Amino acid sequence: MDSKRRPNPLFLPAAGLFLLLFVLPMAGLVVESLRTYVPGRIGSAEGAPFTAANYAELVKPSFAVFFFQTLRLSLAAALVGVFCALPLAHWTARKLSPRWRTLAIGFFVTLMFLSVLVRTYALELTFGAVGPLGPALRAIGISTNSRGYIEILVAAGLLHYIIPMSTLTLLATFQNVDPRLTDAAQVLGAPAWKAHLTITLPLCIRGILAAFLFGFTFSISAFVIPMILGKGRVLFISNLIYTRFSEIANYPSGAAISVVLFVLAMLLVYVMTHLVNKRWAQ
Amino acid sequence: MTSLTRRQALQTAAATFAATSIGFMSRAAGVPELTAVEWGGGVVDAMKLIAAKQDKVTVNWVLHQGGSGAILPKIKATWPAAEYDYVAGWEGSFNGMLKEDWLVPVTVDMVPNLADIPEKIIVKNAKGQWMAVPRAVGGIYFAYRADTSPIEIKSIEDLFDPSLKGKLCWPGPTQSMMLQIVALALHAGGDENNMDPGWALMKKLAESGNIGRIAVTDTDFTTSLTSGETVGGFYSEPQLTSVAAAFPVTRLTKTEGMPVFLYQSGFAVFQNRPNLQATLGFINFAISPEMSEIYAATAGEAPLNVKAKTPDNLKHLAFTPEEFDKFVYVPDFNVVLTNQDAWAKRWEDEIAPLI
Amino acid sequence: MTPRRADDIIRFLCKLMNCAIVLFLLTPIIVTTLMAFDARDYLGPLPPPALSFRWFTAFFSDSYFLKGLAISLKLAACSVAISLTAGIATAYATDQTTFRGKDALIAFFLSPLVVPPVVTGFALLLFLSKIGVIDGFARLLCGHIIITIPYTIRATLAALSGIDRSYTEAALILGATKRRAFWDVTFPLARTGIISGAIFAFAISMDDVAVSIMLTDAKTYTLPIALISSMRANFDLSIAAASVMLMAMTVLLIVILEKLIGLNRAIGQGVFR
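Chains as they are written, first to last, in the numbering used here: chain A, 1 to 282; chain B, 1001 to 1355; chain C, 2001 to 2273.
Treat the hints with care, since some could be wrong.
[Stated by the list, open to error] Simulated pairs of lysine to aspartate or glutamate, EDC-like, Cα-Cα distance not exceeding 20 Å:
no., chain 1, residue 1, chain 2, residue 2
1, A, K60, B, D1349
2, B, K1048, C, D2062
3, B, K1127, B, E1100
4, A, K60, B, D1341
5, A, K194, C, D2007
6, A, K60, B, E1348
7, B, K1254, B, E1323
8, B, K1203, B, E1348
9, A, K95, C, D2008
10, A, K278, C, D2103
11, A, K95, C, D2007
12, C, K2219, B, D1045
13, B, K1203, B, D1161
14, A, K278, C, D2095
15, A, K194, C, D2008
16, A, K60, B, E1350
17, C, K2130, B, E1100
18, C, K2219, B, E1033
19, C, K2130, A, E46
20, B, K1204, B, D1349
21, B, K1099, A, E46
22, B, K1165, A, E151
The hints are simulated quantities; they were obtained by calculation from the structure and are not laboratory data.
In this text, all values refer to a predicted model and were calculated from it rather than measured experimentally.
Could you put together the complete structure from these sequences and hints?
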């Protein structure tokens, strides 16, 4: 099939939109990141000389720590998110009666429309220091003020978005897997868990990857959630960028961090997609 | 398929839009309409009251979205086309704007009521021109909730008290131009030009574990205090006023050893706008003694016009000349502004990993 | 332990986990509803000492919020229509073929997702001003298209990839044109994915703060921006009321969808059930 070797031209409208609304603006940002910044000014001056200093100053251990923290929490949240969404999506797709399934889907959809700002404050009020759980947690020796607990809170904030999103994504995937395959395996004597692990999961792998990437990319660019739940103590890269784009007004430095984050994240996404496709491609 | 769905969607949306926006179309004809950027909450309410008392202009109110710096990239992006007649701000944002050469210099001839505003508070450029019109004064200082604080905070040393573990809300690097660290520096014998003692003390405070939240936005601070998460910190007046509306707040404005910073709230008038005279006229009206009092009562910032009276609930912002010399510290804002970038990076390097 | 026994234990654990997750997901909705009816002026510890409708009254009596809501709805409808159409076309185009660089192309279409929205908004602002686009709605539309389109592409792609090729091929063998095969076979099978993509896109657009903050102009602003701007000093609980109202609207929409076409048929069913 020769036509399958060439990309179908239908992707061109989106590619055009991307060029205009994403590639060119990002290129502008790269240029800005190479400009010299004079402290006290608002962004770089028109035609300011080029420099690599905005990148050079990122090469220091404290920055590696911020990057590592963002990546670590994002990966953890995406993994846990998919892990939680799998049984939930399977349950919704296969175990519920039509009426309950409608209700469950409606619930996940409604969750998507809960404002992120309100959502984070609601989580803060429930699980934070002053929440009803506060005294109980303190009683069993968990300090609601410790860094570890704040990290868990940030991850919980991310998960509250990732789980419904991943569940809805996986729902579509599960519905397109023939349940007779696992039934057959079970008839042949395999336990259900083994049948799912060896048959259902590999068939769903690209859906699972999609859900995982949703979670990962959502977390890595999250801004409001770490800002509020992180209490300014657990910082994501986006929070550092915001610092530069707001009162400090050092746009070149903010642009440089954005570029580094973008390259790093794209590399990770690409490698993960490639590995999964290579391992499971038919 | 594409055009059909799109057109349908647009039509439906347009219908919804038209139905809800009729109210906005009717505007007084014949008088110039100004576009003004104001703070939300009490400040814009006060300015609306003032605008209602005159009929020379109508005003389209645009609100600051976040800190006073959030509007800057937008102005910068469209410059030299300007969208706003005036932008409300303070020393921090005015200094940046005047360096970009966006503002109209003002004189007593243009705004006669400026004669009743203390001259030394007016922001000036390198040539000594007046670059913004101050309307009121607010303060940034240490304060705490008297009902929930385990101890009575009387000095900077008290901030290190072990009973305050996790109980302080400290402003982050985008807040109040990092005057909080200047305050620590002053306590340790430095100032804005000699910040090392301040950073050393900041490190010690971070290591003490007493900082429970770093406030990155104004609402962070108020919610942290009202919800009981933290009991005190270093913050500015509109936030303290809103906490004080529901809880007893002790403001340490007249305590020896606790530095107090005052800031002005005012108008920056933009170049390249069609209605400059009308804008100046409106601003002149807004800083008149009577309007200054209306502003102070609603916005929670004390009047600067010497002919206006300071309301009773803002007495902590009224200083006698002796008190002013003793408690209020006036930093060199130019030094503070030029160091924002370096201080923010130092914060990320040295302080953020400790808290 | 027999295999059946292990199955039972695992099934029980899964059920337990599902319940815990649903509880976790439900809590903030309950808390938000409490917040929206909280009579207090400030954000205080739960539960609220008194309840009131004041935040709903405040929301509906403020023309500033209502104008923001109208613009938000218009913006979300336009941007979702555009990004959904472009997204389906792209997903279809890439799913049908295996050309060199396909992974890279898909990664490229996902790339706006890894850029913090503050950055996307900032970069767009600089670029659009440079080419002379300063109209607020046009700017916002551009921003919302670029943040929603990866969701529609990804969700459609995930749904398409699960469809067994043999169905489409069977249709082609039976004499259907490629277009017929797509509209009659592929599209209905991918419907769940496409609709969930549209829902993500709509929700993302309605809730966006960080991109919009950079792109609004003096007269065009969205609801979340109006809500954020109105709270300088205080956490204004109108935002909780707005959120409850938005969720109520979602529920209403779901009920209508259910009555009209059956939600279960629209997104509850794939090839197998």
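Okay, the hints, checked on the actual structure:
1. For the hint pairing K60/A with D1349/B, the CA-to-CA distance comes to about 9 Å; that is within 20 Å, so the pair holds.
2. A threshold of 20 Å between alpha carbons decides the hint, and for K1048/B with D2062/C the separation of about 14 Å falls inside it, so the pair holds.
3. With a CA separation close to 14 Å, the supplied pair K1127/B and E1100/B stays within the 20 Å bound.
4. For the given pair, K60/A sits about 17 Å from D1341/B by alpha-carbon distance, which is consistent with the 20 Å threshold.
5. Proposed proximity of K194/A and D2007/C is supported: the alpha carbons are some 9 Å apart, at most 20 Å.
6. A distance of roughly 11 Å separates the Cα atoms of K60/A and E1348/B; the hinted pair therefore holds under the 20 Å criterion.
7. The straight-line distance between the Cα atoms of K1254/B and E1323/B is roughly 8 Å, inside the 20 Å bound, and the hint therefore holds.
8. For the suggested pair K1203/B and E1348/B, the alpha carbons sit about 12 Å apart, so the restraint of at most 20 Å is met.
9. In summary, the hint linking K95/A to D2008/C is supported, as the alpha carbons are separated by about 15 Å, within the 20 Å threshold.
10. Under the criterion of a C-alpha separation no larger than 20 Å, the hint pairing K278/A with D2103/C is consistent with the structure, at around 10 Å.
11. For the suggested pair K95/A and D2007/C, the alpha carbons sit about 15 Å apart, so the restraint of at most 20 Å is met.
12. For a cut-off of 20 Å, the pair hint linking K2219/C to D1045/B stands: about 18 Å separates their Cα positions.
13. Between K1203/B and D1161/B the alpha-carbon distance is near 15 Å, which keeps this suggested pair within the 20 Å criterion.
14. Between K278/A and D2095/C, the direct Cα distance comes to roughly 16 Å. Compliance with the 20 Å bound is thereby established for this hinted pair.
15. Of the supplied pair hints, the one linking K194/A and D2008/C holds, its CA atoms being roughly 13 Å apart against a limit of 20 Å.
16. In summary, the hint linking K60/A to E1350/B is supported, as the alpha carbons are separated by about 12 Å, within the 20 Å threshold.
17. For the given pair, K2130/C sits about 18 Å from E1100/B by alpha-carbon distance, which is consistent with the 20 Å threshold.
18. Between K2219/C and E1033/B the alpha-carbon distance is near 12 Å, which keeps this suggested pair within the 20 Å criterion.
19. This hinted pair checks out: K2130/C and E46/A have alpha carbons roughly 12 Å apart, not beyond 20 Å.
20. With a CA separation close to 15 Å, the supplied pair K1204/B and D1349/B stays within the 20 Å bound.
21. For the hint pairing K1099/B with E46/A, the CA-to-CA distance comes to about 13 Å; that is within 20 Å, so the pair holds.
22. Simply put, K1165/B and E151/A have alpha-carbon atoms about 19 Å apart, close enough for the 20 Å limit, and the pair holds.
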